[in-house]
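Chains as they are written, first to last, in this note's numbering: chain A, 1 to 154; chain B, 1 to 177.
Honestly, the hints are just simulated from the structure, not real lab data.
Predicted, not measured: the structure shown is a model, and the values here were computed from it.
By construction, the Cβ of each residue, glycine as well, lies at the ideal position given by its N, Cα and C atoms.
Errors might be hidden in some of the hints.
Simulated crosslink set (DSS-like; lysine-lysine; CA at most 30 angstroms straight-line) [to be verified]:
1. A:Lys128 - B:Lys49
2. B:Lys3 - B:Lys151
3. B:Lys151 - A:Lys103
4. B:Lys173 - A:Lys103
5. A:Lys71 - B:Lys170
6. B:Lys36 - B:Lys170
7. A:Lys103 - B:Lys49
8. B:Lys87 - B:Lys3
9. B:Lys56 - A:Lys71
10. B:Lys106 - B:Lys76
11. B:Lys99 - B:Lys87
12. B:Lys87 - B:Lys145
13. B:Lys151 - B:Lys56
14. B:Lys56 - B:Lys24
15. B:Lys87 - A:Lys71
16. B:Lys87 - A:Lys97
17. B:Lys36 - A:Lys97
18. B:Lys76 - A:Lys71
19. B:Lys3 - B:Lys45
20. B:Lys24 - B:Lys3
21. B:Lys45 - B:Lys24
22. B:Lys49 - B:Lys3
23. B:Lys173 - A:Lys97
24. B:Lys45 - A:Lys71
25. A:Lys28 - B:Lys99
26. A:Lys71 - B:Lys49
Short, incomplete list of chain A residues facing chain B, as computed with Cβ under 8 angstroms [as the list claims (entries may be wrong)]:
27. Gln50
28. Leu61
29. Glu68
30. Met72
31. Ala77
32. Asp80
33. Asn88
34. Tyr90
35. Gly91
36. Phe93
37. Leu95
38. Lys97
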Amino acid sequence: MKHLKLYRIILYLCIVFTTQVSLSAPLKVAPEYEDRYHALLNELRCLVCQNQTIAESDSELANDLRVEVNKMLNQGASDDEIIDFMANRYGDFVLYKPLVQPKTYLLWFGPFLFLALVLLLVLMFLKKNRPVSKAELTDDEKQKLSSILKEPKD
Amino acid sequence: MFKYLLPVILFFVLCGFLFVGLYKDPSKVDSPLIGKHVPIFSLPKLMNKEEVFSEKEFFGKVSLLNVWGTWCFACKQEHPVLLELAKQNIAPIYGLNYKDDSVQAKTYLRDFGNPFAGNASDLEGRVAIDWGVYGAPETFVIDKKGIIRHKHIGPLTMKDLQEEIIPLIKQLKNEAS
Numbered sequence: 001m002k003h004l005k006l007y008r009i010i011l012y013l014c015i016v017f018t019t020q021v022s023l024s025a026p027l028k029v030a031p032e033y034e035d036r037y038h039a040l041l042n043e044l045r046c047l048v049c050q051n052q053t054i055a056e057s058d059s060e061l062a063n064d065l066r067v068e069v070n071k072m073l074n075q076g077a078s079d080d081e082i083i084d085f086m087a088n089r090y091g092d093f094v095l096y097k098p099l100v101q102p103k104t105y106l107l108w109f110g111p112f113l114f115l116a117l118v119l120l121l122v123l124m125f126l127k128k129n130r131p132v133s134k135a136e137l138t139d140d141e142k143q144k145l146s147s148i149l150k151e152p153k154d
Numbered sequence: 001m002f003k004y005l006l007p008v009i010l011f012f013v014l015c016g017f018l019f020v021g022l023y024k025d026p027s028k029v030d031s032p033l034i035g036k037h038v039p040i041f042s043l044p045k046l047m048n049k050e051e052v053f054s055e056k057e058f059f060g061k062v063s064l065l066n067v068w069g070t071w072c073f074a075c076k077q078e079h080p081v082l083l084e085l086a087k088q089n090i091a092p093i094y095g096l097n098y099k100d101d102s103v104q105a106k107t108y109l110r111d112f113g114n115p116f117a118g119n120a121s122d123l124e125g126r127v128a129i130d131w132g133v134y135g136a137p138e139t140f141v142i143d144k145k146g147i148i149r150h151k152h153i154g155p156l157t158m159k160d161l162q163e164e165i166i167p168l169i170k171q172l173k174n175e176a177s
């Protein structure tokens, strides 16, 4: 009787365990692709819940796209091919790492441009405020100065 | 003088950018498919699984493709607008029944009216990926050459129909095939 109870508990635990596994890991990814799979998912935006990647999102579309990425990896597609596949369908907006192209030059190189601009401004500022070069005193002025310094202090 | 005005000018330029940004809907992303041929696909028809619905349906006439499903609330909201467009009989509306239960979909069309000239049944949503679908309802306007010319994301309203869709269909119909 006691055994039966124990079996029952184990059985319940099994059920709980299996349902949890099937929810959290719906996709089997071959171990040799696993790193690339996760890297790719983290680079792609889910359009349904825009500020999440398709790795994070629980939406159905994200799930479909994970399946698709896995399928393409299994078919031997390269990372670039998979990225292109997504961008061709959903637009460059899905790429968390934007492509380097004329449209995105400002995005990629803008910060360096600003840095250069600021450095230039700082240089200009320093040049303008450089201490005035020491002017030589004339003999007349030197005499005047020493006489002032010699004046007895009361 | 310019030195003191420069920050003020920059401030207003920034304000301009932010102001424009206020009126942009971030959930509407321009489709890269506009200006491209419809994707190649082949799916069973909703009404008759033996028949094939493919991209060939879109060649030689101006047509629309509406992505819908009975699970999609906004699609129900949009349904009367599609029925109105179908009634005007200016261009066939095709449906992509997206991740839906076929029996429910057929019942839905029987009960609420069927604006579609034909429906492709995309149970897995795989073809929808090729169309860049990310949220139903979505509506594509396709020209005579089978090139996607416009994509509307979200439910169509009567206003969209009058101001956007119908004028575009008329314009596309006047283009040489």
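Hints, one by one, checked against the model:
1. With a C-alpha separation of about 81 angstroms, the suggested pairing of Lys128 of chain A with Lys49 of chain B is violated against the 30 angstroms cut-off.
2. A distance of roughly 47 angstroms separates the Cα atoms of Lys3 of chain B and Lys151 of chain B; the hinted pair therefore is violated under the 30 angstroms criterion.
3. Between Lys151 of chain B and Lys103 of chain A the CA atoms are separated by roughly 22 angstroms; this keeps the pair inside 30 angstroms, and the hint holds.
4. The suggested pairing of Lys173 of chain B with Lys103 of chain A is violated, with an alpha-carbon distance near 33 angstroms, which exceeds 30 angstroms.
5. Distance check on the hinted pair: Lys71 of chain A and Lys170 of chain B sit about 42 angstroms apart at the alpha-carbon level, beyond 30 angstroms; violated.
6. For the suggested pair Lys36 of chain B and Lys170 of chain B, the alpha carbons sit about 20 angstroms apart, so the restraint of at most 30 angstroms is met.
7. Proximity of Lys103 of chain A to Lys49 of chain B is assessed by CA-CA distance (about 45 angstroms); at most 30 angstroms being required, the pair is judged violated.
8. At most 30 angstroms may separate the alpha-carbon atoms for a hinted pair to count; Lys87 of chain B and Lys3 of chain B exceed this at roughly 64 angstroms.
9. Distance restraint check for Lys56 of chain B and Lys71 of chain A: the Cα-Cα separation of roughly 27 angstroms lies within the 30 angstroms cut-off, and the hinted pair is therefore satisfied.
10. Note on Lys106 of chain B and Lys76 of chain B: the hinted pairing holds, with a Cα-Cα distance of about 14 angstroms set against a maximum of 30 angstroms.
11. Of the pairs offered as hints, the one joining Lys99 of chain B and Lys87 of chain B holds, with about 27 angstroms between alpha carbons and a cut-off of 30 angstroms not exceeded.
12. Distance restraint check for Lys87 of chain B and Lys145 of chain B: the Cα-Cα separation of roughly 24 angstroms lies within the 30 angstroms cut-off, and the hinted pair is therefore satisfied.
13. At roughly 19 angstroms between alpha-carbon atoms, Lys151 of chain B and Lys56 of chain B fall within 30 angstroms of each other, so this suggested pair holds.
14. Between the alpha carbons of Lys56 of chain B and Lys24 of chain B the distance comes to roughly 35 angstroms, so the proposed pair goes past 30 angstroms and is violated.
15. Pair hint Lys87 of chain B plus Lys71 of chain A does not hold up; C-alpha atoms about 42 angstroms apart against a cutoff of 30 angstroms.
16. For the proposed pair Lys87 of chain B and Lys97 of chain A, the alpha carbon gap of about 46 angstroms is over 30 angstroms, so the pair is violated.
17. Proposed proximity of Lys36 of chain B and Lys97 of chain A is supported: the alpha carbons are some 24 angstroms apart, at most 30 angstroms.
18. At roughly 33 angstroms between alpha-carbon atoms, Lys76 of chain B and Lys71 of chain A are farther apart than 30 angstroms, so this suggested pair is violated.
19. Restraint check: the Cα-Cα separation between Lys3 of chain B and Lys45 of chain B comes to about 68 angstroms, which exceeds 30 angstroms; the hinted pair is violated.
20. In summary, the hint linking Lys24 of chain B to Lys3 of chain B is not supported, as the alpha carbons are separated by about 33 angstroms, beyond the 30 angstroms threshold.
21. Restraint check for Lys45 of chain B and Lys24 of chain B: the C-alpha separation of about 37 angstroms exceeds 30 angstroms, so the hint is violated.
22. In summary, the hint linking Lys49 of chain B to Lys3 of chain B is not supported, as the alpha carbons are separated by about 73 angstroms, beyond the 30 angstroms threshold.
23. The hinted pair formed by Lys173 of chain B and Lys97 of chain A fails the criterion: a straight-line CA distance of about 40 angstroms is larger than 30 angstroms.
24. Proposed proximity of Lys45 of chain B and Lys71 of chain A is supported: the alpha carbons are some 25 angstroms apart, at most 30 angstroms.
25. For the proposed pair Lys28 of chain A and Lys99 of chain B, the alpha carbon gap of about 22 angstroms is at most 30 angstroms, so the pair holds.
26. Distance hint between Lys71 of chain A and Lys49 of chain B is fulfilled; the C-alpha atoms sit about 26 angstroms from each other, no more than 30 angstroms.
27. Taking 8 angstroms as the C-beta contact cut-off toward chain B, the hint placing Gln50 of chain A at the interface holds, the least distance being around 6 angstroms.
28. Because the closest C-beta pair between Leu61 of chain A and chain B is about 6 angstroms apart, less than 8 angstroms, the hint holds.
29. Of the supplied interface hints, the one on Glu68 of chain A holds, with its beta-carbon coming within about 6 angstroms of a beta-carbon of chain B, less than 8 angstroms.
30. Annotation: Met72 of chain A was flagged as interfacial toward chain B, and the flag is violated, the nearest CB pair being 11 angstroms apart, outside 8 angstroms.
31. Residue-level restraint check for Ala77 of chain A is violated (minimum Cβ-Cβ distance to chain B is 14 angstroms; threshold 8 angstroms).
32. Interface restraint check: Asp80 of chain A against chain B, minimum CB-CB distance 16 angstroms, threshold 8 angstroms, status violated.
33. Contact between Asn88 of chain A and chain B, as hinted, is supported at the beta carbon level, the nearest pair being about 6 angstroms apart and thus within 8 angstroms.
34. Taking 8 angstroms as the C-beta cut-off, the interface hint given for Tyr90 of chain A holds, the closest approach to chain B being about 5 angstroms.
35. Checking Gly91 of chain A against chain B: minimum C-beta separation of about 5 angstroms stays under 8 angstroms; hint holds.
36. Checking Phe93 of chain A against chain B: minimum C-beta separation of about 5 angstroms stays under 8 angstroms; hint holds.
37. With 8 angstroms as the threshold, the beta carbon of Leu95 of chain A stays out of range of chain B, its nearest partner Cβ sitting at about 11 angstroms, so the hint is violated.
38. For Lys97 of chain A, the interface hint is violated, the least distance from its beta-carbon to any beta-carbon of chain B being 17 angstroms, above 8 angstroms.
In this structure, the hints that do not hold are numbers 1, 2, 4, 5, 7, 8, 14, 15, 16, 18, 19, 20, 21, 22, 23, 30, 31, 32, 37, 38, in rising order.
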